[in-house]
Amino acid sequence: MIARIARALGPEVPALLGFLALVIAVFGLVSPRFLTAGNFASIAFQLPELGLLTLAMMIPIVSGGLNLAIIYTANMAGLTLAWVLQAHGGPEAPAWAFALGTMAALAVGAAAGGLSGAVIAFTGAHPILVTLAMMIFLRGLGEYLTRGGDISGFPPFLAAIGHGTAFGLPVPLLIFGLAAFAWHLMLGRMRHGFSVYMIGSNPAAARYSGLNVRRTLVLLYTLSGLMCAIAGILMLTRFNSVRVGHGEALLLVTVLACFLGGVDPFGGFGRVLPVVIALFILQALSSGLNLLGANQHLATAVWGLFLIGVMVLRHLFGRWPFRRRKGN
Amino acid sequence: MTDPAPPPAIALSRVSKTFGGVRALDDVAFEVRQGEVHCLAGENGCGKSTLIKIITGVYTPEPGAEIRYFGERMEAVTPEAARRAGIAVIWQDLALFPEMSVAENIAFETLLGPRPRLVRHARLRSVAEAALAELGVRLDLDARLRTLPIAERQIVAIARALTHEARVLFMDEPTSSLTQAETDRLLAIVRRLASRGVAVVFVSHRLAEGLDVAERVTVLRDGRLVGVHPTAGMTQSRLTELMTGKTFDAAVTARDLPGAPVVLEVRGLTRPGEFEDVSLTVRAGEVVGLTGLIGAGRTELCHALFGMTRPAAGSIRLLGREVRFRSNRDAVAAGIAYVPEDRLSLGLIQPQSIADNTVITVLPRISGPSGLISPALKDRLVAHWIAELAIKIGTPADAVSTLSGGNQQRVVLAKWLATEPKLLILDSPTVGVDVGARAGIFRIVRGLADRGLAILMVSDEVPEVYFNADRVLHMAGGRIVREYDPRAIALPVLEEAVYG
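So the protein lines, in turn, are chains A and B.
Counting from 0, one number per residue, gives the positions in the first sequence under numbering that gives the first Met the number 0.
Counting from 0, one number per residue, gives the positions in the second sequence under numbering that gives the first Met the number 0.
Just so you know, the hints here were simulated from the structure itself, not pulled from any lab data.
These numbers were taken from a predicted model, which means no experiment stands behind them.
One or more of the hints may lead you astray.
Cβ-to-Cβ under 7 Å is the rule here; a few derived chain A residues that face chain B [unchecked claim]: (1) A203; (2) A204; (3) R213.
Computed beta-carbon distance windows for the label pairs [stated by the list, open to error]: (4) A:T35 / B:S369: 38 to 46 Å; (5) A:Y143 / B:P271: 44 to 52 Å; (6) A:A124 / B:V492: 50 to 58 Å; (7) B:R143 / A:A124: 34 to 42 Å; (8) B:Y498 / A:P264: 45 to 53 Å; (9) B:A180 / A:H125: 36 to 44 Å; (10) B:A311 / A:L140: 42 to 50 Å; (11) A:L184 / B:A382: 52 to 60 Å; (12) A:R146 / B:P271: 52 to 60 Å; (13) A:A24 / B:R143: 55 to 63 Å; (14) B:S369 / A:M102: 22 to 30 Å; (15) B:L318 / A:L184: 17 to 25 Å.
Just a sample of chain A residues kept apart from chain B, beta carbon distances all over 12 Å, derived [as the list claims (entries may be wrong)]: (16) L21; (17) A36; (18) G139; (19) G267.
Glycine residues also receive a C-beta, built at the ideal position from the N, C-alpha and C atoms.
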């Protein structure tokens, strides 16, 4: 039984849970406010933003690529929603306008991802270059359309998404949980996920085996863009405003969260569950430092140091294998 | 022999080495004379590489071993000592710099030193030129290495070894990716080196070359010395027996299949620059061998039959119906399976698991009604094929790269047989597979044919198709030049016709 659970969790999970326990224990001892309901609630509200963006980054990495456009894709999707809401009365916009705007935002996100994916699939250009170009395009376009400013003034009912709770849990956390479960199912059990892993290890051999490599690439970048759009919509409801550059600093943090969660930087391997635990570790670190009075920039610096430490530990022990993914 | 005989270039005795409980070498002796061409033969895992690494100081043997270089007893062999004694190894991967020029690759060590200094291009070129001249070869010194064919890269590697006065040269599988003409050129270079007093140790799977060029052969099996034999009077089949400890009865297995339905019928297939006007048929239960030199267009023809490229003219009929494939997925759906020549990078996805590599071609069949992959269906399918083809594995979750060449090739066969094909195309199915394991692969192939599968088997080793096919097609210059019945022709005649 224990062996079966251990197999289902995979080799990285116990070590990551140990890290999480260590972080919680240290901050719990140092700060009296760390082990409080209020702090856990703030972690639960903050984590989904980084979490959804990390999921958007994760599948391209597993496929052997990268999506550098995630932040601006998310914000373009947020802007799309914002414009639809503004066109229908701004703060007085009805619920159907929100539904319409959400559809439009998801479409924009999927289109941005799909375009990157198509270029990667059909030209064979490197994903870093293609998504870098997409990132610059979206940033420039967004800044031109908003003149670099914010859009705000949305209907109050959006607070029920960004700040509300349902079933006793924060709504953003529920959205993240659903998204993570969908990703888990896709990578572990769906043919598309299977193809993503195989292409991540060796696209030529995958093609010789009869997999549709191009379709898989287009689809996976489309899904990455879709996940960005969900993140963008959530960010809009949480901050009640949208700006093109919002969350720029998170781009590389999502890459590191993937690596901390055991995703192989060269593609082909990586599971959702360890990545989710890695996100909790990063969020607990940042929240703990915040409670100790460190500012946000110092917290970012500590994230960086922490990740360097993890790489060194991995090397020293060499027992924390990258190359595992499924429990079954 | 006249006295005083020069001491042997390398003499080892009582060499043993254990890795984590596995006895890689057990009381092995090995001797190479000065200026001799020596063949080191044995199957994968027999200890050849370990022996070379002990000679070159990469590994330390267990106490009690005696190692002499040119008669001088070495207390501790280090890579530096081996280099000073003039012992060089050219590994199969060559270890060259693909983006650098030929001259830089040959002579880059003249640039090395304790302090930074400017590159002296003139000296670099003259050193490289001298090394190539010694080999009797002319190459463009300024060409980027990656633009050269493998055979010429190998010559560059040999020339590099000569720049630091190699007196014993180990060559690891030097001919495995060369054509016959390139091999002949390499063997000529080897003889030339030997005549200048450089001892060459040939480590090769391909037994014919070893016997052709070497004076003596040392055979290892399972880490033990089987024996040292003069190559005069030694035959390939005798050497195979020594290497594997088994006897293989090579006999022509060709049969007639008059009534069998035609599965594949190709008429006038053409793709300019690759192959011209190719016509052939393969019947159910028939093994058709396709042989010819590298560059004859064999693999290109396979790619077109598998839907990976589009022919410019001609027709392909499968079970009487004309087919046109837009991609290899169409070909798979129509019942064609293709085992590519390059198993390492195209046949399998090396880092992924044995299980995933087996089911990759049949994902819809292991999906449940929900469309999700069913772990139970997957496990059952994988277990079935592992048992069916007697694949030796640890667990199905292990990376396929952990398997030996022969077992990897069985996984490739499994993944394609799982698609229940009507036509199986095997492109050089025994490349990198041990002699002993080859027989196993051919037994499987024959068994599949007996059950009615049509098989097109490509190989540049004429004996393989001669002994294992029902008919042999000879391809040259993109055309099928002739068809042979193995029962009506002797092997040497066929080899002469193909290798010319």
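**Item:** Assessment of proposed distance window 22 to 30 Å (beta carbons of B:S369, A:M102)
**Value:** holds (26 Å)
**Request:** Verify that the Cβ of A:A36 lies farther than 12 Å from every Cβ atom of chain B, and report whether the claim holds or is violated.
**Result:** holds (37 Å)
**Status of the stated non-contact between A:G139 and chain B (beta carbon gap over 12 Å)** = For A:G139, whose nearest Cβ neighbour in chain B is about 35 Å away, the distance exceeds 12 Å, so it holds.
**Asked** So the hint says 45 to 53 Å: do the beta-carbon atoms of B:Y498 and A:P264 match that?
**Response** Since the Cβ atoms of B:Y498 and A:P264 sit about 47 Å apart, the hinted range of 45 to 53 Å holds.
**Request:** Could you see if the CB distance from A:A124 to B:V492 stays within 50 to 58 Å?
**Result:** 52 Å Cβ-Cβ, so the 50 to 58 Å window holds.
**Request:** Note whether the CB distance of A:Y143 and B:P271 lies within 44 to 52 Å or breaks it.
**Result:** holds (50 Å)
**Asked** Do the beta carbons of A:L184 and B:A382 sit within 52 to 60 Å of each other?
**Response** violated (25 Å)
**Prompt:** B:A311 and A:L140, beta-carbon distance inside 42 to 50 Å?
**Reply:** holds (44 Å)
**Message:** Please verify that the nearest CB of chain B lies beyond 12 Å from A:L21's CB.
**Reply:** Nearest chain B Cβ is 30 Å from A:L21, so the label holds.
**Message:** Hint validation: A:R213 versus chain B, beta carbon distance must be below 7 Å. Holds or violated?
**Reply:** At about 9 Å, which exceeds the 7 Å cut-off, the nearest Cβ of chain B leaves the hint on A:R213 violated.
**Asked** Do the numbers back the hint for A:A204, that is, is its least Cβ distance to chain B under 7 Å?
**Response** holds (5 Å)
**Request:** For the range 34 to 42 Å, tell me whether the beta carbons of B:R143 and A:A124 fit it or not.
**Result:** violated (23 Å)
In summary, the structure is inconsistent with hints 3, 7, 11, 15, 19 from the numbered list given earlier, while agreeing with the others.
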